[in-house]
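Let's have the full structure, built from the sequences with the hints guiding it.
Each protein sequence line maps, in turn, to chains A and B. Quick note, the first sequence lines up with residues 71 to 385 if you use the working numbering. Quick note, the second sequence lines up with residues 2 to 295 if you use the working numbering.
Be aware that a few hints might be false.
[To be verified] If you want a taste of the chain B side facing chain A, the calculated C-beta under 7 Å gives, among others:
hint	residue
1	Leu-138
2	Ile-147
3	Ile-223
4	Leu-253
In short, the hints are calculated from the structure, not lab data. From the three backbone atoms N, C-alpha and C, an ideal C-beta is built for every residue, glycine too.
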Amino acid sequence: MQTYIIKRLLFLIPVLFVVSVIVFSIIHLIPGDPATVLLGTEAADPGLLTRLKSSLGLDKPLHIQYALWLGRVLKGDLGRSVRTGEPVLKLILQRFPFTLELAIYALFLAVVVAIPMGTMAATTSSKVVDIAFQTMTLFGLSTPAFWSGTMFILLFSVHLGWFPIVNFPPFAAAPLKNLQGFFLPALTVAIPNAAAMARMARAAVLEVSQQEYVKAARAKGLPEKIVVFKHILKNAMVPIITLVGIIAGYLLGGTIIVEQVFAIPGLGRLSVESVIQRDYPLLQAVVLFVTVGFVIVNLIVDLLYVFLNPKIRYG
Amino acid sequence: MDEALTHEERVFRTGARRLLRGLLRNKKGLGGAALLLAIFSIAFSAPLIAPYDPTTMHPAERFSAPTSKFLLGTDFYGRDILSRIIYGYRTSLYIALSSVMLAVLLGGSLGVLAGYFHRLETPIMRAMDVLFAFPVLLLAITIVVILGPGSLSTILAIGIVYTPIFARIARAPALAVKEEDYIEAARALGASDWRVIARHILPNAAIPIFVQATIELAAAVIFESSLSFLGLGTQPPQPSLGLMVSEGRGYLELSPYATVFPGAAIALAVLGFNLLGDALQDLLNPQLRGRRGG
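What follows is the structure, given as structure tokens:
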């Protein structure tokens, strides 16, 4: 297992290297001269343009430019916003808590609903429950988040007035108001993920139920509750927790649409704003930040998988 | 005639026939196929069945509720929502099908090459791992920003994002088949690598790729409409279902129809692909189907 962890950590280096090359290239791949792109509307001033080119090293060969950029990134300097002139890392760190809370809240809602639902669907013999489960998960997977979110706003905020629109006070200042404000967005993010999780839970529980030791547990007359909780669910948890981890990683970059629908000032909305305002250094930094976070979460999930499942031996 | 077929080609034919027969007996599969048939027919015959031109404005009848004249009502510009949905289906299905086809061709080829030619395996599969390292929507947004918004960029963005999925699926059968003794024998008899790939590996990879493609089509429809919703996909005035939801949101309290109906139309198409994909997957992995075995 140690070898696997070391191997997995070493593999992170080339992945992060290539990711950094791709992210660095964004500014160069966008049509137009990078300095003009960076300056935005101020690019009309030729003096400013030349000064920026030499200060950023844009007059140097590409590989030197990359090395300079990477050096700055490693020191925590992800560049400055074209629009506000502020360091982009500061903007990212301001917005990140919103995305993080949305992701954690959504993951919590999804897990609480999906795992009992999936287990019930796998262990019941009721045809009605099975049909209800299939229908609910299919609809959960088939409804686009931007539409279900909009429908929730229309029904629960506009018509019933149960939830405020665009109200996200910090959790520490007003915990209840915060949880209320984030409820509909978190629910919207949770639905398709809960559907996927519930299906995985059902499949995992079904698979474990067919194992000999479960049959043996039933044959020796153990109560059904003990069979389900101690023998089935405990063993079915490995694939379920893995999927929860994968979804957790995905949510870091997967809340863009819902943040846009509910006007949550998170990282996803920041990335869309950077595109609309042609603030490409900001887009570049958000892509780098989220991707590195995504890679690290995925690594943790992989390691967790090995930890949870000692039967697996990685070479 | 059967003598001329390779073992894999025969397995493919039997597998495909079994899949089709199974599908005809599967309620989910039949439901999905029927739903998709209806949606594809609507999209295909859009100019014949749409009551109005999707871009024609009726300024006097803005925000009309559903009436006999406008079956699903009209939007902010007085455009007929039903006609825009019918044409919107065309755009959505065209982009979803093209992008998944691109991913199948690109990912499938790369996967087969990686599985078959040992020296290509590491560079190709590591490149796929790097693509997997990016969050999908953010990667797609970045590609669209570089290429400029529009239908073609959307197809390329979704196609590239889904490429690694198909590369992984196509690599497995290539790896498995190339080790077989009869492949060695075929090569010794002078069969070229390309012939081995075409006649032994592709038939083996075709069914899992097809099943995965059906599942990814559902995701591609959502993906396309999400990009359009953000203003990065299909550009106005071309009708797009995601764009319609996005435009309608501005007038939600005045008239919900411009948002409710296009969204429901997307969900129906996605449901069709999901039903079909589910049924195909059940048929391919029968152990996950059915009820508790113990």
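Hint by hint, here is what the structure shows:
1. Nearest Cβ of chain A to the Cβ of B/Leu-138: about 5 Å, under the 7 Å cut. The hint holds.
2. Among the interface hints, the one on B/Ile-147 holds; its C-beta lies about 5 Å from the nearest C-beta in chain A, closer than the 7 Å criterion.
3. Annotation: B/Ile-223 was flagged as interfacial toward chain A, and the flag holds, the nearest CB pair being 5 Å apart, inside 7 Å.
4. Contact between B/Leu-253 and chain A, as hinted, is supported at the beta carbon level, the nearest pair being about 6 Å apart and thus within 7 Å.
In this structure, none of the earlier numbered hints is contradicted; all agree with it.
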